Amino acid sequence: MVHISPWRATEGLFAGASRILTGNAPLILYGPYIESDIDTAPSNLEFDASLKARNPEWGLRQISDLDDLARAERLHRTARHPMPANNLMLVYRPAPHPK
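According to the numbering used here, the sequence shown holds residues -13 to 85 in order.
None of these hints come from the bench; they were simulated from the model.
Small disclaimer: the values here were computed from a predicted structure and weren't measured.
For each residue, glycine too, the CB sits at the ideal point set by N, CA and C.
Certain hints may be false.
[Stated by the list, open to error] Ranges of calculated distance between the beta carbons of each label pair, as one might list FRET restraints: (1) Ser22 with Pro(-8): 20 to 28 Å; (2) Arg(-6) with Thr26: 19 to 27 Å; (3) Ala39 with His83: 38 to 46 Å; (4) Pro42 with Asn10: 34 to 42 Å.
Could you build the full structure based on these sequences and the hints that come with them?
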């Protein structure tokens, strides 16, 4: 969802997850992403260009931007799983409350 919608939709997703997730419940994202320290697969770069050609607000998201957004919404990434076809599964959970 996050790559085929405007960034504000991703902001809404994280804000909503922050409001409704309790305990250790996950927000799971699946798809192609860009990581600054890892080469992006050429097929993902082509897909990104194709998405942006359809709508300039669409495109592959930087994982660091998702992590920053998560922190702002009191969530944190707990897992990154490589998946088929150069996709990733990212798992975010509510940040532990300080005691």
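Checked hints:
1. Ser22 with Pro(-8): 20 to 28 Å: Once the Cβ atoms are compared, 22 Å apart, the range 20 to 28 Å for Pro(-8) and Ser22 holds.
2. Arg(-6) with Thr26: 19 to 27 Å: Since Arg(-6) and Thr26 have Cβ atoms about 24 Å apart, the given range 19 to 27 Å holds.
3. Ala39 with His83: 38 to 46 Å: Since Ala39 and His83 have Cβ atoms about 44 Å apart, the given range 38 to 46 Å holds.
4. Pro42 with Asn10: 34 to 42 Å: Holds: the Cβ-Cβ distance is about 37 Å, inside 34 to 42 Å.
Figure legend: structure checked against the earlier numbered hints; every hint is met.
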